[in-house]
Amino acid sequence: MNKNKEQLLNKRYKAEQRFRLYGLSAIFMALLFLTIFIFKIFSTGYSAFQKTWLIVPVTFDAELMMLDQNPSKEDLQDADYYDIALKSMADLDPNANEDQENELKRMVSYFFEKEIKNELLNDPNLIGKTKEVYLTASDDLDQVFKGNYPRDLPEDQRRVSDYQLKIFDQLVANGKVESKFNISFFTNADSREAELAGIASSFMGSIFSILVCLMIAFPVAVLAAIYLEEFAPKNRFTDFIEVNINNLAAVPSIVFGLLGLGVLLAIFHLPRSTPLVGGITLSLMTLPTIIIAARASLKAVPPSIREAALAMGASRMQTTMHHTVPLSMPGTLSGTIIGLAQALGETAPLILIGMVAFVNTIPGSPMDPAASLPVQIYIWAESAERGFVEKVSACIMVLLGFLIIMNLFAQIIRHKFEKKWS
Amino acid sequence: MNLILFTFIVLLGFTSYYFGRKKAYTIQSTKKRLTALPQFYGYYLAIWCAIPAFIIFSLWAIFEPTIVKLLILSDYSNQGYLDDELNLLYEKSKALSRGQFTGEITPFIEASAEKYLSLRSIAQSSKVVIVLSAIIASVVYAYKRISSNSRTREPVEKFLNAVLFTASLAAILTTVGIVFSLIFQTIDFFKVIPLFDFVFGTHWYPAKAFVRDSSEALDPTMYSDTFGAVPIFAGTFFIAFIAMCVAIPIGLMSGIYLAEYASTKVRQYAKPLIEILAGIPTVVYGFFAALTVGPFLKELGTSMGLEVSAESALAAGGVMGIMIIPFISSLSDDVITSVPQSLRDGSYAIGATKSETIKRVIFPAALPGIVGSILLGVSRAIGETMIVVMASGLAANLTLNPLESTSTITAQIVVILIGDQAFGDPKTQAAFALGMSLFLVTLCLNIVALRVVKKYREKYE
Chain A
1 MNKNKEQLLN
11 KRYKAEQRFR
21 LYGLSAIFMA
31 LLFLTIFIFK
41 IFSTGYSAFQ
51 KTWLIVPVTF
61 DAELMMLDQN
71 PSKEDLQDAD
81 YYDIALKSMA
91 DLDPNANEDQ
101 ENELKRMVSY
111 FFEKEIKNEL
121 LNDPNLIGKT
131 KEVYLTASDD
141 LDQVFKGNYP
151 RDLPEDQRRV
161 SDYQLKIFDQ
171 LVANGKVESK
181 FNISFFTNAD
191 SREAELAGIA
201 SSFMGSIFSI
211 LVCLMIAFPV
221 AVLAAIYLEE
231 FAPKNRFTDF
241 IEVNINNLAA
251 VPSIVFGLLG
261 LGVLLAIFHL
271 PRSTPLVGGI
281 TLSLMTLPTI
291 IIAARASLKA
301 VPPSIREAAL
311 AMGASRMQTT
321 MHHTVPLSMP
331 GTLSGTIIGL
341 AQALGETAPL
351 ILIGMVAFVN
361 TIPGSPMDPA
371 ASLPVQIYIW
381 AESAERGFVE
391 KVSACIMVLL
401 GFLIIMNLFA
411 QIIRHKFEKK
421 WS
Chain B
423 MNLILFTFIV
433 LLGFTSYYFG
443 RKKAYTIQST
453 KKRLTALPQF
463 YGYYLAIWCA
473 IPAFIIFSLW
483 AIFEPTIVKL
493 LILSDYSNQG
503 YLDDELNLLY
513 EKSKALSRGQ
523 FTGEITPFIE
533 ASAEKYLSLR
543 SIAQSSKVVI
553 VLSAIIASVV
563 YAYKRISSNS
573 RTREPVEKFL
583 NAVLFTASLA
593 AILTTVGIVF
603 SLIFQTIDFF
613 KVIPLFDFVF
623 GTHWYPAKAF
633 VRDSSEALDP
643 TMYSDTFGAV
653 PIFAGTFFIA
663 FIAMCVAIPI
673 GLMSGIYLAE
683 YASTKVRQYA
693 KPLIEILAGI
703 PTVVYGFFAA
713 LTVGPFLKEL
723 GTSMGLEVSA
733 ESALAAGGVM
743 GIMIIPFISS
753 LSDDVITSVP
763 QSLRDGSYAI
773 GATKSETIKR
783 VIFPAALPGI
793 VGSILLGVSR
803 AIGETMIVVM
813 ASGLAANLTL
823 NPLESTSTIT
833 AQIVVILIGD
843 QAFGDPKTQA
853 AFALGMSLFL
863 VTLCLNIVAL
873 RVVKKYREKY
883 E
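These protein sequences, in sequence, are chains A and B. Going by my numbering, 41 is the number at position 41 of the first sequence; the sequence numbering is gapless. In my numbering, each residue carries its 1-based index in the second sequence increased by 422.
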């Protein structure tokens, strides 16, 4: 009998331990996913911050460039650089036939002509001389150099031919291939060519959208929260507003995209694909988040503050505006930043209002067509070229970096400035 | 032009604030008692300056384009044009006046363009005149009021109160906007496609409904068997189901562990770390699912002799589940912590172990809240877009095999609406109809979930 009891107790203790283990492993799983996730993004993305350059000797032959003696600045601008650019690539292999020359040309980006031109514009004395110029390697060679490209594939499944690889290996052996920090990733707009594509246009698009979103959502949300928390009478109508806000906070983001498309574009005829429309759409989405945060922090201000102000003869409006609202600001601000961080990562509504258009210029105002960082991630992730994979990961790293900074900022505001009432 | 006028009005507002306050000081210096603090005199004047400007600006923005259009099109009224052609003519002359017109320029259009420009300039200058005179009139009126030292604080506060109230209507306006933008397109859609075919049809090929000209659009036989949404709805719930299979056990167990077992130190670090999962943008999850999880599952399946699509429902659903973990864990954590301590103490007192207490006492007590959090998670899974667009297929298969690709409501909306859309095309309208069903489903889920959670909270407060 006694033994039986002990067995039962043991069984119960074992069940207890098992249950505890389940809980621990659940947390472990969640954290494992997070780690794999971050590891994967970083391991594929970090190489995008490096860019491969081929160092190619270029002879600035005045005749090939169709230049006269003592050319002016304009002449240099208008000169024909294609021939010398082509020739310098072809000279890498003196025995190359026509097909091979073409392949040689494709070892660098199509931008190589411009790069040679810039070199000469910087130093006009180069005419007639030979200089080694840094040329952006094509994205495939870039990937080969970074070791992301399987060289053992059969040739017809690769975008890099055996011949190109041979020449490339010669260049590597001669130390004519260099890897440097990829500035153009941050300064270039999007491009169809992976080696030239950068995040500048989508970054500016994101900044503009977030600014528009902030300028609309913040004032409206704060005013609405003040009304609902401090002035609204308790009746059916304000209850309805409240239910509305809570529901809006849980409406799928793509529905806001449909709203932007159906109302802002179709009825108000605002310009498509612009951060203006994107920002308005995002502001409608973040509105409930900010209202909820602002109400919570207004609620946290103790009634004694209000009572003291009222007792001193302040009107209700003065009490609210001079005392309650300033005291609630830290909480409101950190809620706003978190709402904006959400908006910054939002993709689907922006796709619907056309911010997926291919934009190869950097937008200068919210009225210019633009993409945004998350949309850029989507665009690049959908394109087949291998060179874009690391770009996507790098873009994700930039985006996550911003989100982390914003969230940290929100935390700091909350901890530094929020008054603890007790 | 508008910007200059606007800046000018803002400046006027500031000056009138200054003059109002100054007037209050002069009243004070005559030993009269002020009815409010001096700045209220300033606010009063500034508000009287801003209101007429705002009203006229908005009226102008609403009516100017229509009136200009009417005036221009009155030239063409007797020539038997159709409405669409008139609209086109108007757009053409507008584009020409901006110098953006690239088509053939006829003398008619050129004349309209000139007329358009002249009308616009007349409108602009009359706007300036009207706005400025209205401001002056209202400011003079208001100045007289403060000079007689009548009340200023009450009107100013009433005005502020009205502003606050208007702001709080924004949420309702947004909801109205959503319903408004969805409902008309949806109604148009169901005029062409019978509701029955949409809800019970099993073939979804919107690409088939490519309309070449408007006469085809009216031929309903063309659309039979193209807009049956059953595969889409099934795919949506199927992927959400897979997601919940991942999210519920992990989320719930970690919520329970954090609330009942974890030391404060573990809780302090583990909780925010898990919540990071909720802060990662969904497009990043989509990329992860498409690049890593999909190929991984495919390889795993091939090694076990299974045929796995690279864009399987399992990959999308699984990754979506990871995304939902923190929603469920945080909410159930909150819910469990708010179960009163007395229930626990009672259970321990009769000799129950911790896990028995959790399973038999706390879990039943917290069940409504947990159900609410799961429902919110389901609503999120149904509305999730990017993961599905990037990691699951875009072709709508009616299947219950998690290794094949399926499609969801959200993915189809994106597929249909990406790029240029023609309003009035059943394909575009189909996207709005899908959006409407998505909105309704998530709305019901949210209302039920929020109500359940609220009821539960009230029970223990």
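Treat the hints as calculated values from the structure; they're not laboratory data. Each residue gets a CB set at the ideal place from its N, CA and C atoms; glycine is no exception. Hints are supplied without guarantee of correctness; some may be wrong.
[As the list claims (entries may be wrong)] Stretches of chain A that chain B covers, calculated by requiring three or more beta carbons in the stretch to come under 8 Å of a beta carbon on chain B:
no.: 1; region: 58–71
no.: 2; region: 147–161
no.: 3; region: 225–237
no.: 4; region: 395–405
[Unchecked claim] Simulated pairs of lysine-lysine, DSS-like, Cα-Cα distance not exceeding 30 Å:
no.: 5; chain 1: A; residue 1: Lys299; chain 2: B; residue 2: Lys687
no.: 6; chain 1: B; residue 1: Lys687; chain 2: A; residue 2: Lys146
no.: 7; chain 1: B; residue 1: Lys876; chain 2: A; residue 2: Lys234
no.: 8; chain 1: A; residue 1: Lys416; chain 2: B; residue 2: Lys566
no.: 9; chain 1: B; residue 1: Lys781; chain 2: A; residue 2: Lys299
no.: 10; chain 1: A; residue 1: Lys3; chain 2: B; residue 2: Lys687
[Said to hold, decoys possible] Facing chain B, from chain A, some residues (calculated, C-beta under 8 Å):
no.: 11; residue: Lys14
no.: 12; residue: Ala15
no.: 13; residue: Lys40
no.: 14; residue: Phe42
no.: 15; residue: Val220
no.: 16; residue: Val251
no.: 17; residue: Ser253
no.: 18; residue: Leu270
no.: 19; residue: Leu284
no.: 20; residue: Ile292
no.: 21; residue: Ala296
no.: 22; residue: Ala309
no.: 23; residue: Leu310
no.: 24; residue: Met312
no.: 25; residue: Ser315
no.: 26; residue: Val389
Sort out which numbered hints this structure fails and list those numbers smallest first. Failing hints, ascending: 1, 2, 6, 8, 9, 10, 11, 14, 18, 20, 21, 22, 23, 24.
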